[in-house]
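Please work from the sequences and hints to get the whole structure.
Residue numbers (the numbering used here), protein chains in the order written: chain L, 1 to 77; chain C, 78 to 247.
Errors might be hidden in some of the hints.
Within a straight-line C-alpha distance of at most 27 Å, the following computed DSS-like cross-link-like pairs (lysine-lysine) qualify [stated by the list, open to error]:
no., chain 1, residue 1, chain 2, residue 2
1, L, Lys30, C, Lys233
2, C, Lys115, L, Lys10
3, L, Lys2, L, Lys30
4, L, Lys39, L, Lys24
5, C, Lys233, L, Lys10
6, L, Lys4, L, Lys15
7, C, Lys133, L, Lys2
8, L, Lys30, C, Lys133
9, C, Lys149, L, Lys15
10, C, Lys223, L, Lys39
Computed footprint of chain L on chain C; a stretch qualifies when at least three of its residues, placed anywhere within it, have a C-beta under 8 Å from a C-beta of chain L [unchecked claim]:
no., stretch
11, 100–108
12, 131–144
13, 152–161
14, 170–183
15, 188–198
FYI, nobody ran anything at the bench for these hints, they're computed from the structure. A virtual CB, placed ideally from N, CA and C, is assigned to each residue, including glycine.
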Amino acid sequence: MKIKVFAALKDYFDKDFLLEENLKTITDLKAHLAQQQPKALALLNLCRFAVDDEFVDLSHLIHENDEISVIPPSSGG
Amino acid sequence: MKMMKSALFPQVAEVNISPLSDIDLDLVQLLSLAHDPKAGAVVLFSGEVRDNSIGKTVNYLDYEAHESMASKMIASIVEEAAKRWHLTKALAQHRTGKVMSGESAVVVITCSPHRKEAYAANRYIIDRIKHEVPIWKCEYFSDGTKEWGGNCSCQKITGDANKHVYEFEG
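Now the structure itself:
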């Protein structure tokens, strides 16, 4: 799966990267990312996740070729 | 009856412009695009970069967007508001990239026969853009520091990243 991160998350992760791990759900992905970067945990807990440009919930089942965006709280305007 | 309603309120009020722009927002040109002889009321909201934040002097903001999602979401919010308030014209455009203090970062224009709907729809559109659309500002201060700023913090109140406290509901 391909992961894209934005805004303050780029302080912790590359802006996009591939993950080969066997992660079943978005919950698993979030736990994996937090394990990689424990300091990002508080921010990850505030994030929404999107697969192929549509928001999904934490129970969403990940497919091998999904492109997953990790979306921090908005601060536009 | 249905036909009469759709004749009175055409379904396509959105002005066909890109919801994101990486160059200066041209408010005058956008206003002229939104101009409509059926509208007795035109409301233009411009969200501009303040020269101060958290007690520090702001030089500029840098806006990042998830461009494909943000474009689709802004278009869909404008379309929804146009239908709900029977707007004759509506548009919204948000900046990406570097926006200097005093410049416009986001513009929303709503047009309707009377002002009540134009105001209500305008507040609705800007509120939903600010809270929901994946766009982020990084503040650059005069002291050389920077900070990802002003996040929507509704989750602290609602307990849900997808539930927001909107001004238009207040």
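Against the structure, the hints:
Pair hint Lys30(L) plus Lys233(C) holds up; C-alpha atoms about 19 Å apart against a cutoff of 27 Å. Between Lys115(C) and Lys10(L) the CA atoms are separated by roughly 47 Å; this puts the pair beyond 27 Å, and the hint is violated. Taking the CA atoms of Lys2(L) and Lys30(L), the gap is near 14 Å; set against the 27 Å cutoff, the hint holds. For a cut-off of 27 Å, the pair hint linking Lys39(L) to Lys24(L) stands: about 23 Å separates their Cα positions.
For the hint linking Lys233(C) to Lys10(L), the alpha-carbon distance of about 23 Å falls within 27 Å, and the restraint holds. For the hint linking Lys4(L) to Lys15(L), the alpha-carbon distance of about 6 Å falls within 27 Å, and the restraint holds. Proposed proximity of Lys133(C) and Lys2(L) is contradicted: the alpha carbons are some 38 Å apart, above 27 Å. Proposed proximity of Lys30(L) and Lys133(C) is contradicted: the alpha carbons are some 34 Å apart, above 27 Å.
Pair hint Lys149(C) plus Lys15(L) holds up; C-alpha atoms about 21 Å apart against a cutoff of 27 Å. Restraint check: the Cα-Cα separation between Lys223(C) and Lys39(L) comes to about 19 Å, which is no more than 27 Å; the hinted pair holds. With a cut-off of 8 Å between beta carbons, the stretch 100–108 of chain C has 0 residues touching chain L; three or more are needed, and the interface restraint is violated. Remark: the stretch 131–144 of chain C is confirmed as covered by chain L, as 4 of its residues place a Cβ nearer than 8 Å to a Cβ of that chain, reaching the required three.
Counting residues of the stretch 152–161 of chain C whose C-beta sits closer than 8 Å to any C-beta of chain L gives 0, which falls short of three, so the coverage hint is violated. Taking a C-beta to C-beta cut-off of 8 Å, the stretch 170–183 of chain C contributes 3 residues in contact with chain L, enough for the three needed, and the coverage statement holds. Evaluation of the coverage hint for the stretch 188–198 of chain C: breached, as 0 residues show C-beta separations to chain L shorter than 8 Å, against a requirement of three.
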